[in-house]
Amino acid sequence: MKNPLFILWLIVAAALTFGLARLVDNAYFYFAGYVVLQYIVLSTAWNILGGYTGYVNFGIPAFIAVGAYSTVVLHKTTSLPLVAMIAIGGALSALLGVGTGYLTLRLRGTFFSIATLAMAVVMQTLVTNWDFVGGSRGAYIIRPATVQYLGINYIEYLFLIMLGLSIFAVATARAIEKSRLGFGFATIRDDELAAEASGVPTLKLKLIACGLSGGFMGMAGSPLPYYVTYLDPASTFSLSYAVNTIAMPLIGGTSSWLGPILGAILLGTLQQVATVTISSAVSLLIVGVLLVFFVIVAPKGILGWFQK
Amino acid sequence: MDISFDLLGNALVSGLLLGGFYAAVTIGISISFGMLDIVNIAHPAFILLGSYIAYIMNANFGFDPILTAIVAMPAFYALGVAIYHIYDVSFERRGDTALRGLSFFFGLLFITEVALTLVFGVDYRLVEAVYIGPTLHFGVIDLPLRLLVPALVSVALMVCLHLYLSRTFIGRAVQAVAQDPLALRLMAADPSRIKRIAFGLSIATASLAGAVLIIIQPVEPSIGREYIGRIFAICVLGGLGSFAGTLVAAIILGVMENITATFFGPSWAPAVAFGFLLLTLAFRPSGIFGRA
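In order, the protein sequences belong to chains A and B. Here our numbering = 1-based position in the first sequence + 10. Here our numbering = 1-based position in the second sequence + 4.
Please keep in mind that the hints were generated in silico from the structure rather than gathered at the bench. By construction, the Cβ of each residue, glycine as well, lies at the ideal position given by its N, Cα and C atoms. Please note that the accuracy of each hint is not assured.
Partner residues are not named here, just some residues of chain B that face chain A (Cβ under 10 Å, in silico) [claimed, not checked]: (1) Ser107; (2) Glu117; (3) Ala277.
Take the sequences, apply the hints, and build the full model.
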């Protein structure tokens, strides 16, 4: 399938989703749907680096926080529209990805993973000590009740924005998969030494993957302050973002763009149900156990069951 | 800035003691990551498990945390052996240690943290022992026993491990597997078995590290994360798997963190470890004692 046709299909799927949401017409549906869509963006972004090149990023909360806190700053200083804030948050987050990658990717892959893990702790320290964005007390964002020019509730607007970001992320991931860039990524994943020896510019490709992956995570994080209306470091840097974002592609299957979507929809929905019916701690425990179970028993994820 | 020398001296001394404690926390990683090349990012979770076992025995029966930890070591060893077995079968033999192996340990870290939260809640827990309150005074320098005892325990642990690894047959085999697993196989020894023993040992140290952790500070389930940056920074800076290097790197980090906390406020201290880690990775990835 050619890319424009694929994007058309994505838009049709998104339109159907939004139509369904309008039909249900329940505010909770938008709140829950937003979270699932956010995880589609996050896990697709993670998979661009993790699934395609094989480098594991544990610092997901740091990238989300760059997006979210840049929105807080812009909200306090300017009156930019949300879409512009998302673009800025994404750009800053992409820079963070390239920077971290540049410092650690010339070494063994595990150093990159460890550095991302530690980076999340340091970003949390920085934000906690940054009074302008509320420090450890957190920041309040008052969101408008409605969006005038579209005539819809603000939560519907956020849902639409996240739907748009999902299309953007998934279309990019699929385009990469089918392109020269994607083949370059795959050579790094399969045998980096051989790739380097055959003239593949591995460091450059890895930095591109880091930038794209970080950028999309930042974009997913940018609308977060408007969604939660109260943003504090402890919940922004919660480990559950990281574990969910890693578990979803690994459970769905890391080899293709479809895996992260499958994982995000299944696990995201399961979590929403478990949070409401049991408790949020138990729903997190379920994600952790599923992650460990899948990496041991089904290394190719759900997609692996349908492939020979 | 107006630097008070009393303050600086105390920051140095308690940093030194803190460094001793950091060495105990890191030694398990020096074995698993430094020697066996297993990136066990779940190590802090096992340390916390050790803290909570010390807490249960102390709160319910009044047992000494360090003695409890020593008694619990065989159980931790068995846990380590079991985890290595799963890791070996599922990831090392499939050649998928990078993506799924790392995710496996990340999952373990998360499960332990959530399980501890479910059982104990997010309240801070602490232990009681005779050496937690008093402080020795030497002029203007204070030596709190709460820091001194963990530092001594940790040095004793390192000495024991060093003797074991350099004097016994199995210990030397562990060092051999760190250098060249293939050569070990050619000598008709089974690298998997040796690594299983070594990984068991590394988890066993978490029991003791957990006990000294809860002596030094009150513990809640999520503080393990703060230690990930620290222990890997120390391990890398110490030159991966060298015990002497680990101790020196731990002391450097302990002193730096303490000086940062004293003069800039404790909320900045966690950033020191990361700065250390990044600078080490960027400029001297073989560590201060490593061969460049």
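Hints and how they fare:
no. : hint   : result
1   : Ser107 : holds, 5 Å
2   : Glu117 : holds, 7 Å
3   : Ala277 : holds, 7 Å
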